[in-house]
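Participant: Sequence:
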Amino acid sequence: TKPRTTRVRRAVVWGVLACAAAAVVLLVVRAKNARQSGAADTRKRALVAVFDNRTGDSSLQSLGRMTQDWIAEGLLRTRLVDVVDPHAVFVQSRTGAGAPVDPITVAHRTGADMLVSGSYYRTGDTLFLQAAVTDVGTGRIVRAVGPIFANVRTPVAALDELRSRVMTALASAVDSHSILYPG
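Residues 1 to 183 in my numbering are what the sequence shown lists, from first letter to last.
Hints were generated in silico from the structure; no laboratory data involved.
Hints should not be assumed to be uniformly reliable.
Computed Cβ-Cβ distance ranges for the label pairs, DEER-style [claimed, not checked]: (1) Leu76 <-> Trp14: 47 to 57 Å; (2) Ala11 <-> Ala88: 55 to 65 Å; (3) Arg45 <-> Arg153: 33 to 43 Å; (4) Leu76 <-> Gly124: 31 to 41 Å; (5) Arg45 <-> Ala11: 51 to 61 Å.
For every residue, glycine included, the Cβ atom is placed at its ideal position computed from N, Cα and C.
With the hints as constraints, model all of the structure from the sequences given.
Facilitator: Quick look at the structure:
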């Protein structure tokens with residue numbers, strides 16, 4: 001009976017060791033997943049506002065929303081930041097009476113850390129588009145983009161350049177922000 005008892009004890013010890021090893025592996029995997037999800041949670045959230053039409057020409061009104069969509073789509077592709085849904089921006093950017101709401105207020109409401117906003121002007125046949133990247137927490141403009149020039153007949157031609165420059169400015173702002181204010 002003594003050899004049988006010894007074998008049973010060994011089996012129990014090995015069983016306990018196997019369970020302990022499995023528990024350690026499980027804890028390591030969970031810690032790794034928590035770190036990865038924590039890294040995703042610290043990624044900045046950006047709101048792209050509808051660009052202001054300061055041309056005085058109502059036929060160019062849709063360019064503001066188009067510019068917002070163009071830049072938001074570019075940012076989504078880069079995965080540099082989480083982008084606030086443009087529909088949420090549209091819904092929250094007007095009061096019940098239809099008055100515009102300040103983009104910083106909309107950014108606060110949607111939990112955005114960074115705000116991309118801008119406007120466009122017209123002089124003769126030329127459009128000037130400009131943008132700013134704002135740190136929502138401080139309200140401080142951290143990067144300015146533009147002006148980008150376009151012919152009034154073909155304003156879409158300037159949107160690629162504007163999007164590219166805004167993405168570069170935002171990447172620079174997010175990177176320097178994470179260096180200055182590590183999470």
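Participant: Hint by hint, note whether the structure agrees.
Facilitator: Comparing the hints with the structure gives:
| no. | hint | result |
| --- | --- | --- |
| 1 | Leu76 <-> Trp14: 47 to 57 Å | holds, 52 Å |
| 2 | Ala11 <-> Ala88: 55 to 65 Å | holds, 60 Å |
| 3 | Arg45 <-> Arg153: 33 to 43 Å | holds, 36 Å |
| 4 | Leu76 <-> Gly124: 31 to 41 Å | holds, 35 Å |
| 5 | Arg45 <-> Ala11: 51 to 61 Å | holds, 54 Å |
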